[in-house]
Each structure stands twice: as C-alpha cells, then as structure tokens.
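These protein sequence lines map, in sequence, to chains A and B. Under the numbering used here, the letters of the first sequence match residues 1 to 350, in that order. Under the numbering used here, the letters of the second sequence match residues 1 to 767, in that order.
You may find that some hints are simply not true.
Under 8 Å between C-beta atoms, here's a sample of chain B residues computed to sit facing chain A [said to hold, decoys possible]:
| id | residue |
| --- | --- |
| 1 | I28 |
| 2 | Y29 |
| 3 | Q34 |
| 4 | V36 |
| 5 | K38 |
| 6 | T39 |
| 7 | Q64 |
| 8 | K68 |
| 9 | S78 |
| 10 | L79 |
| 11 | P336 |
| 12 | G339 |
| 13 | S343 |
| 14 | S346 |
| 15 | F348 |
If you want the ones that stay clear, here's a sample from chain A, every Cβ over 10 Å from chain B, calculated [unchecked claim]:
| id | residue |
| --- | --- |
| 16 | A91 |
| 17 | L196 |
| 18 | E224 |
| 19 | D312 |
| 20 | W337 |
If you're looking for bench data, these hints aren't it; they were derived computationally from the structure. Everything numeric in this text was worked out from a predicted model, so none of it was measured. Note that the Cβ used here is the ideal one computed from N, Cα and C, for glycine as well.
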Amino acid sequence: MLLMLVTMLTSCTKDRIILPNPDEEQASGAPLVIVIYGPNSLGDRSYCDLIYTGVERAAQRYGLRTLQFSPESDEEGLAYLETIISEMEMASDTVRRLLITPGVGFDSYIRANSHRLESNPCADLLYMETATPLEGKGSTLYLTYYGAMYMGGCMIHYTAENLVSLVLANPYTLTVREAGEGFLAGFNDSQKPDSLALHVRYLSQEPATGFTLSDTAAMRIIGEESTWLSAEPTDFTMLPICGGSMHSLIRSIRGTQLFANNQYIGIDGNMNADTYFCPFSIVKHIDRVMEDYIAMWLNGRMPKHQTLGLADGATGVIVGNPYTPNNLHLIDLDSLWQVAVGKEAERCVE
Amino acid sequence: MCRINRYGALLFLLVILLSGCHKKKEYIYQDTRQWVEKTVALVAPLSDPIMNARLQRTADWMLQNIHKAQLHDNICISLKLEWHDELSEDMAVLGETLSTRDDVMAIIGPFDNDRANRLAPYCQRTGKPLILPTATSESLIRRFAITSTGNGQQPFLWSLTETDISLSEVTLSLYATFIQQYPGNVINEMASHSALFTPDNIYGQTFFDWAPFQATEMGISFSISEKYTQNTSLYERLQSYYNEIDNGPNGLFIPSFIVAENIGQLYQIARLRSRHWGIDPDDPAGDIGEGAYMRVAWAPVCYALSNVTDEAIASLGPRGVALTSGYQGFSPYADPTTGFEMSYESRFGVKPTFAECKFYDALLLSAFAASYMEHHYTDNLNNAIIAITTTDNILNGAAWSEMGMELYLASLERGKLIGFKGACGAVQFDKDCYTAALNTTYVNWIIKDGHVLHNSYYSSAGGPQTSEALASWNWLVNNADATFDSQYSGSSSITYPAMTDQYAVLVQGSHGWSDYRHEADVLSVYQMLKAGGYDDDHIILIMADDVATAPENSDYGAVRTDAGGPNLRDGAVIDYRNADLMPQDIVNILQGTPTSNTPVVLPGDQGHNVFLFWSGHGRSTATSGVNEMAWRDQPAGNGMTASLLAQTLQQAASQGRFRQMLVCLEPCYSSNIGSALEGIPGLLAICAAGPYEQSFADSWSNELGVWMCDRFSRNLVGHATNHPYGTYRDLYIYCAQHTLGSHVSIFNHTNFGNLYTLQTRDFFIKE
Chain A
1 MLLMLVTMLT
11 SCTKDRIILP
21 NPDEEQASGA
31 PLVIVIYGPN
41 SLGDRSYCDL
51 IYTGVERAAQ
61 RYGLRTLQFS
71 PESDEEGLAY
81 LETIISEMEM
91 ASDTVRRLLI
101 TPGVGFDSYI
111 RANSHRLESN
121 PCADLLYMET
131 ATPLEGKGST
141 LYLTYYGAMY
151 MGGCMIHYTA
161 ENLVSLVLAN
171 PYTLTVREAG
181 EGFLAGFNDS
191 QKPDSLALHV
201 RYLSQEPATG
211 FTLSDTAAMR
221 IIGEESTWLS
231 AEPTDFTMLP
241 ICGGSMHSLI
251 RSIRGTQLFA
261 NNQYIGIDGN
271 MNADTYFCPF
281 SIVKHIDRVM
291 EDYIAMWLNG
301 RMPKHQTLGL
311 ADGATGVIVG
321 NPYTPNNLHL
331 IDLDSLWQVA
341 VGKEAERCVE
Chain B
1 MCRINRYGAL
11 LFLLVILLSG
21 CHKKKEYIYQ
31 DTRQWVEKTV
41 ALVAPLSDPI
51 MNARLQRTAD
61 WMLQNIHKAQ
71 LHDNICISLK
81 LEWHDELSED
91 MAVLGETLST
101 RDDVMAIIGP
111 FDNDRANRLA
121 PYCQRTGKPL
131 ILPTATSESL
141 IRRFAITSTG
151 NGQQPFLWSL
161 TETDISLSEV
171 TLSLYATFIQ
181 QYPGNVINEM
191 ASHSALFTPD
201 NIYGQTFFDW
211 APFQATEMGI
221 SFSISEKYTQ
231 NTSLYERLQS
241 YYNEIDNGPN
251 GLFIPSFIVA
261 ENIGQLYQIA
271 RLRSRHWGID
281 PDDPAGDIGE
291 GAYMRVAWAP
301 VCYALSNVTD
311 EAIASLGPRG
321 VALTSGYQGF
331 SPYADPTTGF
341 EMSYESRFGV
351 KPTFAECKFY
361 DALLLSAFAA
371 SYMEHHYTDN
381 LNNAIIAITT
391 TDNILNGAAW
401 SEMGMELYLA
411 SLERGKLIGF
421 KGACGAVQFD
431 KDCYTAALNT
441 TYVNWIIKDG
451 HVLHNSYYSS
461 AGGPQTSEAL
471 ASWNWLVNNA
481 DATFDSQYSG
491 SSSITYPAMT
501 DQYAVLVQGS
511 HGWSDYRHEA
521 DVLSVYQMLK
531 AGGYDDDHII
541 LIMADDVATA
551 PENSDYGAVR
561 TDAGGPNLRD
571 GAVIDYRNAD
581 LMPQDIVNIL
591 QGTPTSNTPV
601 VLPGDQGHNV
611 FLFWSGHGRS
621 TATSGVNEMA
631 WRDQPAGNGM
641 TASLLAQTLQ
651 QAASQGRFRQ
661 MLVCLEPCYS
671 SNIGSALEGI
681 PGLLAICAAG
691 PYEQSFADSW
701 SNELGVWMCD
711 RFSRNLVGHA
721 TNHPYGTYRD
731 LYIYCAQHTL
741 GSHVSIFNHT
751 NFGNLYTLQT
761 RDFFIKE
C-alpha cells in the first residue's frame, strides 16, 4: 500500500507538465535586411549613407528588421560576409533574409560564394556597383553616372571661372572612370564660348585606391590647384570624384573662404548646404533606389540585373540656392537633361 | 470494523490523492523568460518642450528596441523610467532623495553642467551610479570622475562625453588649418586680434581656461578673452569689438569664437552684425547675395553650441530663420559610422541632437550593465559598468539597434564579456580612473533655411582620457628638448661674485578656504627649503595662515598638498600674515627697507642668492585691464603689478642687493609678470602660465572640498626635491612637460647665465 502510494505520488509529480505560455510575446520573424559596406565607408555623408537611409526607410515602411555593418578592413568585411552567408545557408526557419553589399572589394568572394544561398529559398543577395551579373544566386545593380556627369560638365561653364579641377581617385575603378568620362564629354560639348581651363588630377595610379586623403595632403593639393594656371593664386572649381577623399578637399576649400572664391561640385549627395562654395551637386538617388529594390524583393520581383541612370531618376543634378551669383539661369536644364539621357543611352549601347 | 475503517481511510486517501493528482495533471503554462524590472531616474530639461518631446521619443524608441532584442533571452531587463525635471526641481533635494533610494538603480542626468555639479556630491556620498550624457565641464569631470576615482576608490560618475577641452581644440584647430594656408601680414593681424567670449559658468569655464592655451599652440593669440554673464553684455562687447577691428586694415578677416548656450544668441548676434555692416536685419532683401555674405563671412564667428534644433530655429520666427542661415559651429555628437544619426532622421524626419545621441547611450549602458548584473550575480552597477566598458574586446557593429542589442545580449547570456558601440561610438572608459569617456565625435554644423545640416565630423586623438593622456595636449611632451635647445642654447656664462649667503621670500597673495592650495603651495616650498638646509632666519614667509584652523577643515590644524601627505603647517615660522600687509610692504621687504609694519626685511648683499616664490591669483590686461598678481580681495590695480615688481627688483639689482635672483611665479597669466622682468641683471624668472592662460589646480580633496595644490608648484617642488643637482634646463623641461594646461616659460635667461650648467641647488639647498 505504501509502495503504491509512493508510486502514485511520484507519478503525480511527473505528470505536472509545464508548457510555454502560448500568449507570451514571441521573437520577431519579420524579414531581415543585412547590409555589409566596404571598409570604413559608412558615415561618408554621401553614397553609403544614402544606402543606409534608404534601407532604414524601407524598414520603417514595411516593418523589417535591419543589421548594417561597417567593417574597418577588407578582412573584417570578408569575415562578416562569411558569417552571414553561412548563417543564411544553414538557416532552417522561414525568416526571409536579404544580404546587400555595395563593397566592390568583395567582388571575387561574392562571385565565388553566391551559389551557397541556393539551398535556402528564403535567402537572397543584392550585390551593387557591378555591371556584370552574378552567375550564382543573387541580383546585381549598377548606377551609371555618365549622364548626370555629362550635365555637370556642361553646367560648370556657367558657374566656374578660370579653372576646373577634376580630381579622380584613380584611372581604373569603373565608376570613377565612367563619371570622369561623362564630365569631360559634357565639358567639351558645351556650346558656351569661354576660356575655362581644365586640369585632371589622379590621387593615385593604383587600382582601387585614392579614396582616402589626409587634410594636409588636401591642403597641398588646393594650393597647387590655385597656382596651376599662373604663379598668382587663381580661383578654381573642383569636381572631386574620389570617395572619402572628397571631404578633405572640401574642408580645405572651405578654409580658403576669406581669401578666394574657390568652389566645389557636390558628388553623390546634395552638398548644397554651403552654397557659397557649392553651386550644384551631381547626385545619385540611391536611397530611393534602395527603397524600391527592397519593395521588389518583398514582392519576389527583384530583377537579376539592372543598370539605372539619369533616365530612371537614379541620378541627377541639384542646383543650389542663389546665394552666390552664377549664370545657371541661362541654361535650359530640361533640354540639357534630355541630351544627357541620350548620351548615356548611347554609351550603354556601346 | 476497525480493519474496514482502516481500508476505508486508505481508499479515501487514495481518492484524494488521485483527485489531487488529477488536478495537477493540468498543463501549466509558464513564460520562458524572466523579466527583471530596474528603475532608472532621469533628470532632464522637461520644462523645455522641444527637449522634452525629443528625449521622450528617444527613450520610447530605445525601450522598444531593447524589449524586442531580448525576446530570445532567458533573463531580460525591463527598464522603468522615472522622469524628473531638472529645470524646475531643486537639485540638492533631488540628489538627496534619489541617491539614497534603494529602488533606483542609477540616475541619468542632469544634462546641464551646473546642475550636474550640484547633484553629483549626493551620489558621490552613497556611490549611486550617475550617468551624465552631456556634462562636458572639465572641472566637473576632473573633480568627480577622474580625481575622485582610481587608486581603489569607488567610481560613481560616468561621463559619456569627453570634456570640452576636446571641443575647444577641435573648434580652434579648424582655424589653425585656415591660418596655416595663408602666412603673411594678414594672418599675423588675425592671429593677434581674435577674440574669445564664453559664458560665466562651469560650462564656459573649460573654454575660458583651455582655449588660450590651445590657441598659443596653434599660433593664435586672443586679444580678448572674456566671460559674459548676460546676453546683453555679450552683445555690447561684441559691438565694441567690431568697432575695434574695423579700424585695422584687415578687420573683416579676423574671426572670433563664441561659446553660446542657445540659438537665440545667434539670432541676436546676426542682427547686430547686419546692422554693424549697414544691412537692415528686417529687410529680406539682405538675406541673399552680398548682404548675406557680409553677415556671415565678414569677421566670421565660430560657435561652440550644442543641441541646435530645427524646432528652436523655427521658434525664432521668419527673420530668425533667415538671419541664422549660414552660421556654423561645433558640437559634440555621434560617430556617423554607427548609423544612429541616419536611422533617427529616417524615423523622425530631423537630425538627433547631441543630447539625444548621448541619452540613448546612457539608457543602453544602464540596460547592458543591468543585464550583466543579472547574469553575473552581482548587485553593484558601478562594477558592472566597469566590466563592460573597459574590455578591449569590442563587438563590431553598433549595438544600439534592435539587432545589435540582440547580438550583444546573446553574447552576455552565453557568458562572453565584450565591449560595445552605442549610438555615438564605442562606449569605453579608461582603465585607470574608469569614468572618463574615451571617444567623442564632434560635428561641424551649419544652419541653412531653418534646418541644421552637418558639414563635417571630427574626433579627438582617441587616447585614454586619463590625466596621463592629457599630456597629449602639450606638444612640449614630445618636443621639450628641441624647443629648449633652440631657444636657450645660446645662453652664455656670466661671472658672478662668490655666493656668501642664500635667502628666500615666499609669498601667498590670496586668502580664504577656497584658496587652500595657495597656502599649501607656499608651505610646500617652505618645507622643501627647510629640508634643504635653510633656517627660518633665511626665509621670510608671508601667507594668509587661515586654512589650518578654518572651520571647514575636517583635518583640523593641518595643511597638506595631498591627502595622507605630511602636515606642511608643522613647524612653519610665519613672518607675516598677508592680511597685515599690502603690496607696497612686499616692496619694502624685497628692497630691505624696514618699517614699523615690516620689521623683518631681506638683507641685501651682492653675494646673496635670493629665491622669490609667489602663489595666488593673477590678472591680465586681457581679462582685467592690468597685469598683476592679485592681493587678497584688493580690486584690480591694487595688487603686485608687473611694473611695480619690475621696478622693485630692478632697483634692488642696481643697488647690488643680490648676486642672483630666482623668481618663480605660480599665478594665472604670470608670463606677463615674467616678461616685465626682462633686462634685470642676475635674475631668472620661471612662470607657470602664458600671458593668456590659467594656472591649473591639482589634487582635489573629496573630504575637504578644495583643491590641495597647483600643478606648477607641485612639479617645481617635486623636481627640485628629487633632483638636487639638476640644472635649470632640467627643471624647466620637467615643469613644462608635467604642468598640463599651461605653458611654463622662462624669462631673462640671457641676463642670468647658462641654463645647461647652472644648478638650481644654489637656491634650493643651503650648505
């Protein structure tokens, strides 16, 4: 009897079944967008920051979760990529995940590993800044700057005096090269008769370099440009197509404000805030493009590859407020836009 | 029957058990995670509707993120926020209450430096964690966060922003870059006519103290360095400043620096500037073109101003929006690489303020430290903060977002201790004194059409923010030898008669409890000389003698330069209380003229070496209209002026009253006095501070509530004691390297002798 009692008591204890509270709040299963930028590129106040903003806006609009990494080196970026791709490859849940990377330095890794995502139907990849589609899983996106830069090349005849200083990071990076060519084409096609000189300078002769510049070096360059035409300092307008190096150059130009009327053209983002120095900006609307792309991804309609440009509204020109007199009012910007769209289309066909 | 009853009872028991068991078989639903509530008191400017709205929404956002981030964890923190208005509540009462409440885990705020300074002592008393998002006053941080921690003391104040020493440097360095591009006469004029205006409070004090020092490093001199107590006094002074520089050939190029406290000041200054250059501030025609250029670019103003908001600009009205457009300045801010600024802007449509960025990190720090406490079974939040903010192992990627928090907290739950990047960057404190932030980003903002835009971001050198690291401000640390060699290598030998005796005159010019350090310094020098062989017949000691027995002195009867150091008052023979003298009496003592008031005077002889040491306060023409060492409470002009001292010592030299004289001056701006002594034969002056610089206090005492010594005097005594055979070169370099915040200078070396070979023992050791 006693044994029976003990048994019953024991079994009674074992029969107490504790279950998770079904009403307990569960962790989110919302789609996740992960962005891995190139080394030290987030916070650039132009291209990468626009991507970040676009992703965050999309997250707000569609209730997504985001995780955005800004590695400090190529090695760290590759380690992030490997970790994220492994997790996406192995994930057994149904959470949708999109990996976005605008880091051109990851090209060979992305091309070698994108196929690993094929095992997970909920995982996807958007690789930017390349005109060459991926063979494995994932989409590619390229923004051509040729048309917008063409417009800028024409417009600068109406804002600059004496000298235009075209500063390019290096002669090899595709986006830089194309932008420089577009600007030069527009500069040379301009119908405005003037004696505006053009000086092209490369910050580096090595591929994928020239994107960082110390303030000291920037000051030296500003000094050299101001005396490029003559021994006496001469005002100039700079177009800095050189990534993060741009900020050092712009800071130095601002430093000359009391002694010269040097100007710069804003690149990627709208930099017209300081309109004494920046008559217009040549911009990429990559924030809007990112919002659109994420919407397409959510709807399962993200294209395998796209090249977007002036005609698509992905690039453009923003004119600053007329704090400093210029002659931009003499240009029919709509007509110029149409010409530039045509030039960009011709180039894409080529 | 009995047997039946027994079985019946058993059967009944069985039924009961089975029934009970049946009930217990019901499924029990339990939460998988445990939420631990922690109360954090927030002391914020809630009466300011703009800041109130912004801080509330920032807090809501953070709480939402941290809640979601913990839904994978077992132990979760629920922060309960208790809001207090720092603008309306009494900080003393609030400090007394909050610091003793067991249910309050930590206090975040106040956001204002002066109010933080009033609340901090209460937290110090109880060790209540006090997280200050935006307190940047150097004296506040040094007093509560640096000097009162380390050496086993319990830290309690966690300052998330570097002091305004860094902001001051960033603001000035932009100008230095500008100057370096344009050498020439124009620059020379600019460099010697710039002006600095700071508010007369604990916030403005940091700029007032440090900017002149940093400007000297960068080749800028401030012709004006002034504190303003009211806006009207600032505007009036600015007007007269513009009138002054207009008279120079390059007045329009000369920039000034204004430490402002609100956007309204910028608006009023814009109106003043418009009027000054002939533009009607109420006429929109002047808002663009030449009028706008003149208002902004002529005699440009660089502002240090934090928390500028679009809403505050809009509140100025249409003219305010128009006239503030184009103005720019600097503020502490968030590292743009964390993405916080952009996420905030995407969410709320405007940029976050400095206060919100740091507030978010303060909440984050509280939550993470609380989580650490729960996972490591400790109940000391201060220790938890130390643990998570002093590790070198930093989680890459910002941990302020929902996903970032999730990663960080998952690591904590797995027992992995790592550091983290918050909204503003890495949340790290130095490993020695713990409580000083190591990373701060600064933003160069500009207003355009009513909106705050960001031009550039700056950061400090990134070294540890300990008193050791403060040495990085002083280029002499690295260049002292070379600088000395370049300036003084031409020192030649001067032939003196044989030294027959040595005397010292030690003077404290100040008085009162708050000037404890000046009395300690003069006694410290006195004890050094006594240890070096001087007797009291060879030392004339003049001091207030009012701190040893002051009612505030909890160490009654003692005067020390360090807590636990020797009682310097012991055995001191005081010749004069300074309350009984005036500067003219000091003149009589130095010139050997006995009077009824000064029976003990310096005997004069051409074989005597005389050491004159002076501690106390200083005044300069830039701040008070006169270069002098202040005498007690006497008004400006009634102290020991540069000209009076020069005249006195020149006459003594002419009369052959000394062989050599070493003059060591501790007060602020003392270089103005030292330079006045140039040309006097046999005299060498070593001064603690440059012509525009403060001379800094050192060693704060929590117990006494006063600074216990000055840095210069500490270094002077320390080096002379430890290096009795050192040369003047050795002494100078040591003082220059270790007297942080001011430039120690030497004057009149060409009339004194070879600083490489002459030894300081001729004054400090009596044989």
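- Query: Holds or violated: is the Cβ of L79/B closer than 8 Å to a Cβ in chain A?
  - Reply: At about 16 Å, which exceeds the 8 Å cut-off, the nearest Cβ of chain A leaves the hint on L79/B violated.
- Given S78/B was flagged as interface, is its beta-carbon under 8 Å from a beta-carbon of chain A? Not OK, violated: S78/B not within 8 Å of chain A, min 12 Å.
- S346/B as an interface hint toward chain A, with CB separation required under 8 Å: holds (4 Å)
- Item | Hint check, K68/B versus chain A [nearest Cβ-Cβ separation less than 8 Å] | With a closest approach of 6 Å, the K68/B hint holds.
- Message: A cut-off of 10 Å on Cβ-Cβ distance, and E224/A was said to be off the interface with chain B. Does that hold?
- Response: E224/A is indeed farther than 10 Å from all Cβ atoms of chain B, at 12 Å.
- Please settle this one: A91/A was flagged as non-interface, so is its CB more than 10 Å from every CB on chain B? At about 14 Å from chain B, A91/A clears the 10 Å cut-off, so the statement holds.
- Does V36/B pass the interface hint, meaning its C-beta sits closer than 8 Å to a C-beta of chain A? violated (16 Å)
- Query: For the hint on K38/B, does the least C-beta distance to chain A fall short of 8 Å?
  - Reply: violated (19 Å)
- Taking 8 Å as the limit, does the beta-carbon of Q64/B come near enough to a beta-carbon in chain A? Not OK, violated: Q64/B not within 8 Å of chain A, min 12 Å.
- Mind checking the CB of Y29/B against every CB in chain A and telling me if the closest is under 8 Å? holds (4 Å)
- Proposed interface contact between G339/B and chain A, which counts if any beta carbon pair is under 8 Å: holds (6 Å)
- Could you let me know if the closest chain B CB is still more than 10 Å away from the CB of W337/A? holds (25 Å)
When each numbered hint is compared with the structure, violations occur for hints 3, 4, 5, 6, 7, 9, 10 and 15.
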